[in-house]
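Student: If you're matching them up, the sequences are chains A and B in order. Each residue of the first sequence is one higher than the one before, starting from 1 at the first, in the numbering used here. Each residue of the second sequence is one higher than the one before, starting from 1 at the first, in the numbering used here.
There may be inaccurate statements among the hints.
Pairs of lysine to aspartate or glutamate, EDC-like flavour, derived with a Cα cap of 16 Å [stated by the list, open to error]:
id: 1; chain 1: B; residue 1: K224; chain 2: A; residue 2: E481
id: 2; chain 1: B; residue 1: K59; chain 2: A; residue 2: D104
id: 3; chain 1: B; residue 1: K57; chain 2: A; residue 2: E481
id: 4; chain 1: B; residue 1: K177; chain 2: A; residue 2: E481
Residues from chain A that face chain B, not an exhaustive set, calculated with beta carbons under 10 Å [claimed, not checked]:
id: 5; residue: A84
id: 6; residue: G87
id: 7; residue: R142
id: 8; residue: N196
id: 9; residue: G197
id: 10; residue: E200
id: 11; residue: G216
id: 12; residue: P264
id: 13; residue: G342
id: 14; residue: S343
id: 15; residue: D465
id: 16; residue: N497
id: 17; residue: Q500
id: 18; residue: T503
Honestly, the hints are just simulated from the structure, not real lab data. Glycine residues also receive a C-beta, built at the ideal position from the N, C-alpha and C atoms.
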Amino acid sequence: MKKILALTLALALLLCAWPAALAEEEPTTITWIITQDLATNGSWTTEHLPELLKKYGFNVEFEVIPMGTHDGTDWDNVFNTYIASGGAPADIIQTGALNTNAVDAGWFCEISEEMIQTYMPQYYQAALDIYEYMPAYFKDLRDGTVYCLCSWNMFGPCRHTMVYRQDWLDQLGMSVPTTIEEFEAFLRACRTTDFNGDGEFNEYGYTSGTNSPFCGFNEVFGAYGAQPLVWMNKDGQIVRGEMTEGARQALETLARWYAEDLIPKGVNTTETRRDGFNQGIRGSYGQGDGYAPALVQGGQNYEEFYAAQPDGEMVVAPCFKGPNGESGTIEWGAKKYVTCFGSHLADDPEKLQLCMEMLECIATNEELFVAAMLGEQGVHWDFVEEGATSGATTFLGDYTDYNYRLDTVGVREMSESAFCTVWVPQVYEKYLDPKAVEYASYETGYFDVIGNGVTFDEQIEYTTDLDNLTKEVFMDIITGEQPITYYDEYVETWKANGGQIMTDAAQEIFDNYFAN
Amino acid sequence: MVQSSRNIGVRGRAKRLLRACVKHHNLLLMMLPALATFLIFRYGAMFGLAMAFVDYKAKIGQSFLQNVMGSEWVGLKYFEQFLTSLNGTQVLRNTLLISLYKIVFCFPAPILLAIMLNELQSIRFKKVVQTVTYLPHFISWVVLAGILRMVLSPDYGVSVAIANLFGTTPVNFIGNKSYFRGLLVVTEIWREVGWNSIIYLAALTGIDPGLYEAAIIDGAGRFKRIIHVTIPCLVPTIVIMLILRTGTIMDAGFDQVYNMYNNSVRSVAEIIDTYIYEKGIIDTQYSYTTAIGLFKSVIGLGMVLLTDRIAKSLGQQGVA
Chain A
1 MKKILALTLA LALLLCAWPA ALAEEEPTTI TWIITQDLAT NGSWTTEHLP
51 ELLKKYGFNV EFEVIPMGTH DGTDWDNVFN TYIASGGAPA DIIQTGALNT
101 NAVDAGWFCE ISEEMIQTYM PQYYQAALDI YEYMPAYFKD LRDGTVYCLC
151 SWNMFGPCRH TMVYRQDWLD QLGMSVPTTI EEFEAFLRAC RTTDFNGDGE
201 FNEYGYTSGT NSPFCGFNEV FGAYGAQPLV WMNKDGQIVR GEMTEGARQA
251 LETLARWYAE DLIPKGVNTT ETRRDGFNQG IRGSYGQGDG YAPALVQGGQ
301 NYEEFYAAQP DGEMVVAPCF KGPNGESGTI EWGAKKYVTC FGSHLADDPE
351 KLQLCMEMLE CIATNEELFV AAMLGEQGVH WDFVEEGATS GATTFLGDYT
401 DYNYRLDTVG VREMSESAFC TVWVPQVYEK YLDPKAVEYA SYETGYFDVI
451 GNGVTFDEQI EYTTDLDNLT KEVFMDIITG EQPITYYDEY VETWKANGGQ
501 IMTDAAQEIF DNYFAN
Chain B
1 MVQSSRNIGV RGRAKRLLRA CVKHHNLLLM MLPALATFLI FRYGAMFGLA
51 MAFVDYKAKI GQSFLQNVMG SEWVGLKYFE QFLTSLNGTQ VLRNTLLISL
101 YKIVFCFPAP ILLAIMLNEL QSIRFKKVVQ TVTYLPHFIS WVVLAGILRM
151 VLSPDYGVSV AIANLFGTTP VNFIGNKSYF RGLLVVTEIW REVGWNSIIY
201 LAALTGIDPG LYEAAIIDGA GRFKRIIHVT IPCLVPTIVI MLILRTGTIM
251 DAGFDQVYNM YNNSVRSVAE IIDTYIYEKG IIDTQYSYTT AIGLFKSVIG
301 LGMVLLTDRI AKSLGQQGVA
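If we strip away everything but chain A, and leave its shape as in the complex, we get:
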């Protein structure tokens, strides 16, 4: 009897001590460098996600390396300074694209597709399903070494479109322009109508802005089958959009519009597309601002517009078509951000495996995904439709404020997360706004066939000078400082000053990774 009692007591003690021993086990600290500082130490996700992860067997804690502010430019400066100084990276490093300088500095741990397939099977399969060339973005395109995982935009590679003032169109008795001729008629009508009644006739139907991505006027270039500063595939030949005949035709049209006062004089200095639209003096916008999720109720652009123009009405529509039926605006393409692992993990394969499996778990487990992407339901966010269990989501109360949300919760929006750096459609599709998905389907768009942000040595050496040249020449032609014939001279200058070298290198990369 005594023996049985002693055995029972020993077993009870063991059972009591076992969870205590587990709880006392030191968590593994995972350090992060997160793009745009989407979360910081002390934010809700940094604290709570590790707690949730414990339920799934991950005993970890997070430490975020501060990179400055939520502003992208500042982030790049800090990141580049780290590289130059030989500073130490984190365990997990999230950036816009694989940074070749960081690769050369020995920042990243080499991984393999087999490792991704083994430790992150659902993510790997989803990546292949989304875009057949996605594994190319896992690699340093200079030598094919695999360094990273990559995410994609949940709304697809093309998710930008045009936005018009529906009430202006109604007042003019016009429908949404579907061709460039109809669009020009809209611009002309806008110049002779005083929509806001201030007697100044300062309304324009369309503008570009100094904050435009690339060269601006992307929908006009798109109507002629060109996208400047973007690598395009023309029947297997890689060419920069600014070197195509379509770019020349678009410039001719834009120069004529400028001369006829159909677009504002300050396109090169003071124009900001969305501000003008929200102020009620511009009739449409596109380019980077026509981002589908921002155009639905609860989206930033939608809410800003109706707050500024409560009597106005906006409508989202496909881009107008050019003479050959082409249309579209600038797109960021299939790849979104990349996730790399610090080079020190090469000596710690267990931790590398832990990191990869943890990312797979966050991507594929709905509870973790939602916490990492949106925060806590009912506190930080909720579905737009009351009582819904899927569909559009919105942030609540103070958390609607972008910077406040990033500081306190550590989340930005669907498709932009600090700790959920990759994802799978089986989980995220449930949380997409169907209206935004519809808007994102309007365009097949134009995106860089090599990959947005993807760099190679020749591009790093020449692109800044050449892009600056392009932007200046294009603006000179549009504003009438130079005749359209100047374009031919520019093409020669571009090619002779590194453009041809850059194009040849881009062709080689395309042939190696994206052609077959």
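Since chain A is already given, all that's left is putting chain B on it; use the hints.
Tutor: Okay, now just chain B, sitting in the frame of chain A:
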């Protein structure tokens, strides 16, 4: 015997120096942080110039010294690349031209203001003018550039109202190559004229009143007193300031240009500093931009020595 007295002389000087150091140890201690800062950040940082001659590749876990020593030696490659690049001669020309315009137009402005203020009889009015002209100096170029964009917008700025008043078409000052450098000069004068006049006002207070009294007795009017007393007394200060300003001829004003320029005026506005920022910090071409920075510094040093020599040959006091 001679040797012995020389040793005593050296020892004597050393003793005197030591005694002086002990006596003024408080002052020396106060100077120490500034001296250390200068040594570390001015002389210590000079080692970084070695980056201009190597193909600098940072390696994780290595010190800067190790990185520099471990990078491939390329000699003058990056200097040559800069001078033969698409933008090299353009940014060099822009830097020199903008700087030259500023020396020609901005440098005399505070001298004129100081002289005019010196001639004012009403102390209250003088103080008001001084305060008003100093104020823009305390507003950053980020803010000033934003204000200028709004004011000079060809679509809705104040310039539109002015153009309408005169029945002309608004001019896009910020986006026009012909006007942009002029705009830089005018805005620089507006921002700095008051602040830069302080040193000349201080110099004016040091002029012996007896000189003015003598000039009055000789029948000199106000204008003659300025020409024959005020300006000659200001010349040493002006020369020193000019030498120092010439030494920074390759600094055409990063903050101002970076915040005001745009794609339309880049070919007349891009200066060495903005180019270094783009190629160095954004494009991470560290060796290339270090070479450009070194090139810029050498030209600056050459200009200081040249101006100093000219000043001395004209009988003025130099800086070296």
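Student: Would you mind marking each hint as holding or not holding in the structure?
Tutor: Outcome of the hint check:
1. This hinted pair does not check out: B/K224 and A/E481 have alpha carbons roughly 49 Å apart, beyond 16 Å.
2. At most 16 Å may separate the alpha-carbon atoms for a hinted pair to count; B/K59 and A/D104 meet this at roughly 7 Å.
3. Of the pairs offered as hints, the one joining B/K57 and A/E481 is violated, with about 42 Å between alpha carbons and a cut-off of 16 Å exceeded.
4. At most 16 Å may separate the alpha-carbon atoms for a hinted pair to count; B/K177 and A/E481 meet this at roughly 9 Å.
5. A cut of 10 Å between beta carbons decides the hint on A/A84: the least distance to chain B is about 5 Å, and the hint holds.
6. The beta carbon of A/G87 is positioned within 10 Å of a beta carbon in chain B (closest approach about 8 Å), and the interface hint is therefore held.
7. Of the supplied interface hints, the one on A/R142 is violated, with its beta-carbon coming no nearer than about 14 Å to a beta-carbon of chain B, more than 10 Å.
8. Interface hint at A/N196: violated, since its Cβ lies 12 Å from the closest Cβ of chain B, which is beyond the 10 Å cut-off.
9. Taking 10 Å as the C-beta contact cut-off toward chain B, the hint placing A/G197 at the interface is violated, the least distance being around 16 Å.
10. This hint holds: A/E200 has a C-beta 8 Å from the nearest C-beta of chain B, less than the 10 Å allowed.
11. Residue-level restraint check for A/G216 holds (minimum Cβ-Cβ distance to chain B is 9 Å; threshold 10 Å).
12. With a least beta-carbon distance of about 5 Å to chain B, the hint placing A/P264 at the interface is held under the 10 Å criterion.
13. A least Cβ separation of about 9 Å between A/G342 and chain B falls short of the 10 Å threshold, and the interface hint therefore holds.
14. Look at A/S343: its Cβ gets to within about 6 Å of chain B, closer than 10 Å, so that hint holds up.
15. For the restraint placing A/D465 at the interface with chain B, the shortest Cβ-Cβ distance is roughly 5 Å, inside the 10 Å limit, so the hint holds.
16. Checking A/N497 against chain B by beta carbon gives a least distance of about 4 Å; that is within 10 Å, so the hint holds.
17. Against a cut-off of 10 Å between C-beta atoms, the interface hint on A/Q500 is violated, since the closest Cβ of chain B lies about 13 Å away.
18. Given the 10 Å rule on beta carbons, the hint for A/T503 is violated: about 16 Å separates it from the nearest Cβ of chain B.
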